[in-house]
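Visitor: Residue numbers (the numbering used here), protein chains in the order written: chain R, 1 to 304; chain E, 305 to 930.
FYI, nobody ran anything at the bench for these hints, they're computed from the structure. Keep in mind the model is a prediction, meaning the values are calculated, not measured. Glycine included, C-beta positions come from ideal geometry on N, C-alpha and C. Heads up, a few of these hints could be off.
[Unchecked claim] Computed footprint of chain E on chain R; a stretch qualifies when at least three of its residues, placed anywhere within it, have a C-beta under 8 Å from a C-beta of chain E:
1) 14-23
2) 110-119
3) 131-137
4) 270-280
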Amino acid sequence: MNTINFMGQRKLAMVFSAILLLISLGSLAVKQLNWGLDFTGGTLVEVHYSETADLNAIRSTLEKEGYSGAIVVSFGTDRDVMIRLPKGYSDKQGAALLAKLQEAFAGSVELRRIEFVGPQVGDELREQGGLAMLLALGLVMLYIAFRFQFKFAVGAVVALVHDVIITLGFFSVMGMEFDLTVLAALLAVIGYSLNDTIVVSDRIRENFRKIRRAEPVEVVDISLTETLGRTLVTSLTTLLVLAALALLGGEMIHGFAIALIVGVVVGTYSSIYVAANTLLILGVSKEDLMIPVKEGAEQEDLTP
Amino acid sequence: MLNKYPLWKYLLVLLVVLLGLFYAAPNLYAPDPALQITGENSAQQIDDATLRRALKSLDEAGIVHFGETIDEDGRNALIRLEDAEQQLAAQARVSRALGDGFIVALNLAPTTPDWLSDYGAQPMKLGLDLSGGVHFKLEVDVDAAAERRMEFYVNDTKRALREARIRGFVTLNDKGQVETRFKTEALREQARSIIADNNPELVLDRVDEADSWNLTAVMSDATRKEIADYAVSQNLTTLRNRVNELGVSEPLVQRQGQNRIVVELPGIQDTAEAKRILGKVANLEFRLVANLDAAPSEKQRFEYRSPDRAGSSEWLERTVIITGERVANAQASFDQNGRPNVQISLDSEGGTMMSRATRNNIKRRMGVLFIERKYRTRYEVQDDGTEVPVKVPYDEKKLLTAPVIQSALGAQFQITGLDSPLESSELALMLRAGALAAPISFVEERTVGPSLGAENIRLGVKSVQYGLAMVVLFMVVYYRVFGVAAVIALSCNLMLLVAFMSMIGATLTLPGIAGIVLTVGMAVDANVLIFSRIREETANGLSPQMAIHSGFERAVATILDANITTLIVAVILYAVGTGPVKGFAVTLSIGILTSMFTAIMGTRALVNLFYGGRRVQTLSIGGRKS
Chain R
1 MNTINFMGQR
11 KLAMVFSAIL
21 LLISLGSLAV
31 KQLNWGLDFT
41 GGTLVEVHYS
51 ETADLNAIRS
61 TLEKEGYSGA
71 IVVSFGTDRD
81 VMIRLPKGYS
91 DKQGAALLAK
101 LQEAFAGSVE
111 LRRIEFVGPQ
121 VGDELREQGG
131 LAMLLALGLV
141 MLYIAFRFQF
151 KFAVGAVVAL
161 VHDVIITLGF
171 FSVMGMEFDL
181 TVLAALLAVI
191 GYSLNDTIVV
201 SDRIRENFRK
211 IRRAEPVEVV
221 DISLTETLGR
231 TLVTSLTTLL
241 VLAALALLGG
251 EMIHGFAIAL
261 IVGVVVGTYS
271 SIYVAANTLL
281 ILGVSKEDLM
291 IPVKEGAEQE
301 DLTP
Chain E
305 MLNKYPLWKY
315 LLVLLVVLLG
325 LFYAAPNLYA
335 PDPALQITGE
345 NSAQQIDDAT
355 LRRALKSLDE
365 AGIVHFGETI
375 DEDGRNALIR
385 LEDAEQQLAA
395 QARVSRALGD
405 GFIVALNLAP
415 TTPDWLSDYG
425 AQPMKLGLDL
435 SGGVHFKLEV
445 DVDAAAERRM
455 EFYVNDTKRA
465 LREARIRGFV
475 TLNDKGQVET
485 RFKTEALREQ
495 ARSIIADNNP
505 ELVLDRVDEA
515 DSWNLTAVMS
525 DATRKEIADY
535 AVSQNLTTLR
545 NRVNELGVSE
555 PLVQRQGQNR
565 IVVELPGIQD
575 TAEAKRILGK
585 VANLEFRLVA
595 NLDAAPSEKQ
605 RFEYRSPDRA
615 GSSEWLERTV
625 IITGERVANA
635 QASFDQNGRP
645 NVQISLDSEG
655 GTMMSRATRN
665 NIKRRMGVLF
675 IERKYRTRYE
685 VQDDGTEVPV
695 KVPYDEKKLL
705 TAPVIQSALG
715 AQFQITGLDS
725 PLESSELALM
735 LRAGALAAPI
745 SFVEERTVGP
755 SLGAENIRLG
765 VKSVQYGLAM
775 VVLFMVVYYR
785 VFGVAAVIAL
795 SCNLMLLVAF
805 MSMIGATLTL
815 PGIAGIVLTV
825 GMAVDANVLI
835 FSRIREETAN
845 GLSPQMAIHS
855 GFERAVATIL
865 DANITTLIVA
875 VILYAVGTGP
885 VKGFAVTLSI
895 GILTSMFTAI
905 MGTRALVNLF
915 YGGRRVQTLS
925 IGGRKS
């Protein structure tokens with residue numbers, strides 16, 4: 001098998017990653033995330049109309065009934081309508097609103113769901129989510145440092161942070177809603193991307209020990225070439241099921257599927273370019289990965 | 305011989321797969337829509353006559369039903385219905401026919417055959433986003449509970465100082481501390497030892513001002529935490545009782561974190577009704593047991609609340625000594641001899657009233673009444689001839705206990721003569737539940753309509769099917785015979801995942817289904833790793849048998865590392881996540897575990913069966929031929 005010169009493009013890849021990261025961070029700073037109800041608090045009502053719903057009529061009904069600041073959008077089909085009330089409405093509003101809508105509409109209005117989240121819950125959730133993310137990164141770093149070596153742990157975590165920021169950036173740029181399921185997806189992205197990075201690292205470690213005379217860049221290239229098939233196949237199968245989920249899973253799971261698709265694509269790229277690249281920048285070498293000789297073993301040799 | 309498992313390994317794989325099949329099987333049987341009838345209090349029996357009345361009302365309305373049963377202890381009856389659409393109509397009919405005193409709940413009755421359920425095989429539980437229902441998150445205002453306790457300390461300190469004839473000025477200052485001011489330092493030291501004796505849980509501080517020597521007292525952190533815990537557990541108990549009243553077949557009332565309570569009510573749509581019942585207030589009354597010769601106009605008869613003493617009753621005086629508002633705390637404890645008792649603290653006003661009432665009534669008995677607001681349903685005929693149910697509130701008063709007054713009681717006294725610690729803790733809980741509970745507020749509410757739930761299931765199942773089909777197609781085309789082995793292993797993995805979730809009683813949610821879909825995608829990773837290794841080894845010139853052997857051997861370490869780290873993430877997700885996210889974490893972690901078994905052992909067994917122990921020239925594993 002011919003070795004592909006992955007690391008020949010490492011400068012280019014670095015620039016590419018840097019641009020993506022800058023766009024993401026910029027958008028996160030300027031546009032921020034479109035936080036979902038889970039995080040902002042407020043009231044959300046989803047209803048199903050027996051005939052095509054007239055959004056403008058609904059808006060004016062709501063305006064007339066004193067629900068100012070209500071956001072009315074269609075949700076999936078033209079009969080499904082999602083209404084979001086900003087913070088400040090009490091937990092009793094959902095049911096009352098439904099009654100008003102039914103009054104103003106000749107056909108039937110069926111309740112799909114009502115969600116009310118108090119403001120304090122939302123704030124806590126955001127804090128907890130961030131904490132969970134940091135905790136996940138920290139523990140993973142520890143595990144890899146223990147199983148591999150510290151430089152690999154740094155490489156893996158840099159790749160993970162890269163993936164998380166870019167996925168967040170994607171949601172920010174596209175203005176897609178960031179709710180609790182997307183947060184779960186983001187943590188799953190960490191898990192997935194890690195999977196990839198570890199498989200690659202594993203091979204790099206193996207090859208450092210196996211191949212005698214070779215530059216680190218060469219070893220990394222050989223390892224990446226050897227694992228490329230597997231990386232692509234796994235990403236492909238995962239993307240296949242995620243596509244099924246995004247296309248068929250319905251609106252409530254859509255954001256989740258999209259977050260994972262972006263994460264898997266970025267994660268595949270980052271396990272090739274970001275993790276390995278970081279390893280080289282940190283100056284990984286054969287000495288880092290020699291199996292330490294056990295003291296006990298030496299002593300055994302000494303005793304006659 | 306290379307690549308031959310010993311017989312026991314094949315049998316082990318087979319056994320696990322068969323067990324999985326057995327425990328996953330109940331999920332194939334769709335549940336019947338059903339009505340569940342229970343008595344309003346748990347002692348009530350449902351007899352055949354009641355059931356016949358219910359069935360008659362269904363027959364009259366032409367609602368098809370079957371398989372009605374009354375369970376062994378006679379507390380539940382179940383009526384299965386043919387048509388889910390008629391469930392609501394059937395519920396209205398039956399509750400009309402049975403009248404008050406019975407709770408008719410919507411239910412989904414499992415249709416698991418006996419040969420499965422006899423061995424504990426049950427279908428998975430569905431989360432609210434799939435079954436439809438209401439999810440509430442309530443917050444207990446523990447600060448209010450703590451503040452009320454501080455007010456009690458203020459009064460108690462006043463009383464203690466008065467009894468010791470120490471002049472001091474006691475207030476609750478704006479920092480929420482009990483502040484006591486004295487004219488001299490000597491007075492303060494005297495008072496300090498009295499207060500410390502009286503309420504050892506207070507942390508006292510000396511504060512000197514120009515012409516007054518002050519003491520400030522706050523609760524110790526342990527006490528504060530204890531009060532918060534009590535406030536939450538008290539609310540939990542009350543909520544559990546009330547949820548039972550709502551007639552939900554499988555409600556969930558669970559503490560979450562420091563001061564939150566999650567209530568999940570599958571099948572409920574009427575959130576207003578649910579909130580009314582959850583938010584109602586209970587109360588207590590302390591009254592003397594009437595003398596035998598008391599005039600009928602001065603006494604009232606009350607039944608005991610405990611189902612163990614159902615039917616027995618006592619005559620109580622009409623005069624109320626104190627009500628629940630005066631009760632500051634009630635706590636299960638033990639006396640010097642280790643016998644269980646309940647310690648009750650009243651506020652100072654309550655203490656005065658109690659001592660006035662009991663002073664002259666020693667050796668008489670005092671009854672404690674538990675008062676709950678309940679609703680009776682009345683049917684009103686509208687102008688257009690339709691009947692609408694109207695809820696009429698009334699107070700239900702039942703006797704908790706009627707102990708003998710041993711001595712004049714004050715602000716603190718105990719109820720003794722209880723049979724077990726269980727009884728004392730239950731009594732303490734009921735007393736606290738009837739006392740002014742720490743206020744609760746709704747901080748989160750989610751209602752999912754039944755149609756959305758059904759749609760979520762349909763979409764979820766569809767995406768699993770399509771996702772699986774695509775992966776199967778790809779694997780077989782790309783890896784040929786090995787692909788077939790991987791696909792069989794993958795199917796077993798799905799089955800084991802479902803079986804495992806059913807066995808541990810995990811709840812399936814929409815994100816949980818997403819987790820299953822994701823598992824399908826990621827579980828093949830282990831096989832992909834192994835197969836790429838085998839291809840590589842073949843390319844390096846190893847014989848097919850050697851290639852299979854070393855391919856599996858060398859990939860396992862990588863698979864373990866990769867999966868353990870993913871597992872770490874899943875566990876964190878579980879620890880931090882709530883509701884639906886937890887569901888995702890559960891399926892993801894179980895999926896990782898089962899996939900390691902099927903991908904490593906299962907595939908190996910299949911490959912060994914097919915190739916092992918014979919001469920093989922080439923492997924059907926796709927890719928470039930070497």
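Visitor: Each hint needs a verdict: does it hold in this structure or not?
Guide: Here is how each hint holds up against the structure:
Residue count for the stretch 14-23 of chain R with a Cβ under 8 Å from a Cβ of chain E: 0. That is fewer than the three needed, and the coverage hint is violated. Against chain E, the stretch 110-119 of chain R contributes 9 residues with a C-beta closer than 8 Å to a partner C-beta. That satisfies the three-residue criterion, and the hint holds. Under a criterion of three residues with beta carbons nearer than 8 Å to beta carbons of chain E, the stated coverage of the stretch 131-137 of chain R is upheld, 4 such residues being counted. Coverage of the stretch 270-280 of chain R by chain E is violated [criterion: at least 3 residues with CB-CB distance below 8 Å; count 0].
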